[in-house]
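2 protein chains.
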Amino acid sequence: MNIGVLGTGFVGQTIATALVENGHRVMIGSRSANNAKAIAWVENKVNAFAGTFEEAAQFADIIFLCINGAFIKETINALDSAMFTDKIIIDVSNPLDFSKGMPPSILPAYSNQWSLGEEIQQLLPKAKAVKALNTVTARLMVNAELVNEGNHHLFICGNDTEAKNTVKHLLSENFRWKPEYIIDMGPIGQSRLMEGIVPFWVGVMQAICTPMFNTLIVK
Amino acid sequence: MNIGVLGTGFVGQTIATALVENGHRVMIGSRSANNAKAIAWVENKVNAFAGTFEEAAQFADIIFLCINGAFIKETINALDSAMFTDKIIIDVSNPLDFSKGMPPSILPAYSNQWSLGEEIQQLLPKAKAVKALNTVTARLMVNAELVNEGNHHLFICGNDTEAKNTVKHLLSENFRWKPEYIIDMGPIGQSRLMEGIVPFWVGVMQAICTPMFNTLIVK
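Here the protein sequences line up with chains A and B, keeping their order.
For the first sequence, position 145 (counting from the first letter as 1) is numbered 145 according to my numbering, and the numbering increases by one without interruption.
For the second sequence, position 57 (counting from the first letter as 1) is numbered 57 according to my numbering, and the numbering increases by one without interruption.
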């Protein structure tokens, strides 16, 4: 499958590398075509490419959005939205505000009654946004078995049921998330909930001194 | 022990009843001394009393605060804060706003960079506020063994370490919370995190069709 990964930070590179290792053709996208991190990432990899955000979107069947939450709106507004028509966008981003210290708060524009997930869907109405993976640390995103033998929950949301099923399958086949542990929270507006718990996640990380954990819902 | 429970709703009554059953003397407090729900609750119980908020606070060694989050500030402002001096307040409340439908959002006054827990501590600086139990459903608050044999996590926070230890002990002895599953999130400001996850909790409840669940942090 051709997959685009928008964002060259640690999360983007971790996801892009895991996808290449799973046999996909991956283009990592950044603001400029000659981004040094993207070029370094491509080196010595098979089926790994670097391009602009638009090139990566155009190249891809599925797009992972791994841009810093603070810059997503201006980034998308600068792109040709036609590149995203009918494509699945897996939105991994979080609208965190670290300016007031740790643990972070939510960027006020996305706090409580609005969310990045919804905004992405609104900005790109012809794409199919699915919020996923934003509630775990990057290394765990791409290998669920690193924690509790893969027995812990992932939460996803989005408006398009078929797109959510495709994402579930992708995460299961490539990143070892057990389908029965993926909870569909509903439409993309539920991103408010999934983004809203991330400051708590940081607090737990600080309390238990590791980011390598997740939530298991028990009844 | 003499325990005051402020609030006569389902949460307050559930906690008050469980405390009486555990052999404590409990006064349930409400705005007026002749509150019908409080009087009905007292009936046929040993060591159960009804009174005003101030009477219940004065009576108590430890106070459970179970008032609707929207009314806590005005309620506390109307009370003589001297009644709370040196007392532990276990703040169970949540600042939920159901006016925009389900799942709820957080009341704007307590969203993101402020919290009820902090406000209670600020309004009653001589009390020792400990946020606890606000992340589970009422029946589970008072009997942790109803879910997964008691193996799931409770989160607490507060500025006073000794008060937090007293609360841990109380919850363990009376409500069967295993001490090793109680995670101290830090000072009372962490209430922002613990209150911030409650809309997500409601979303999970809707997705899995039961309120009788909790989070187990797995590594």
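Just so you know, the hints here were simulated from the structure itself, not pulled from any lab data.
Quick reminder that beta carbons are idealized off the backbone N, C-alpha and C, glycines included.
A portion of the hints provided could be inaccurate.
Unchecked claim - Going by beta-carbon spacing under 7 Å, a handful of chain A positions derived as facing chain B:
| hint | residue |
| --- | --- |
| 1 | Asn77 |
| 2 | Leu79 |
| 3 | Ile106 |
| 4 | Asn112 |
| 5 | Gly203 |
| 6 | Met205 |
| 7 | Cys209 |
| 8 | Lys219 |
Verification of the supplied hints:
Because the closest C-beta pair between Asn77 (chain A) and chain B is about 24 Å apart, greater than 7 Å, the hint is violated. A hinted interface residue such as Leu79 (chain A) counts as satisfied when its beta carbon comes closer than 7 Å to some beta carbon of chain B; here the least separation is about 29 Å, so the hint is violated. Contact between Ile106 (chain A) and chain B, as hinted, is supported at the beta carbon level, the nearest pair being about 5 Å apart and thus within 7 Å. With 7 Å as the threshold, the beta carbon of Asn112 (chain A) comes within range of chain B, its nearest partner Cβ sitting at about 4 Å, so the hint holds.
The closest approach between the C-beta of Gly203 (chain A) and any C-beta of chain B is roughly 4 Å, which is under the 7 Å cut-off, so the hint is satisfied. Using the Cβ-Cβ criterion of 7 Å, the hint placing Met205 (chain A) at the interface with chain B is not satisfied: the shortest such distance is roughly 10 Å. Hint status for Cys209 (chain A) relative to chain B: violated, with the closest Cβ pair at about 10 Å, above 7 Å. Interface restraint check for Lys219 (chain A): the shortest CB-CB distance to chain B comes to about 5 Å, inside 7 Å, so the restraint holds.
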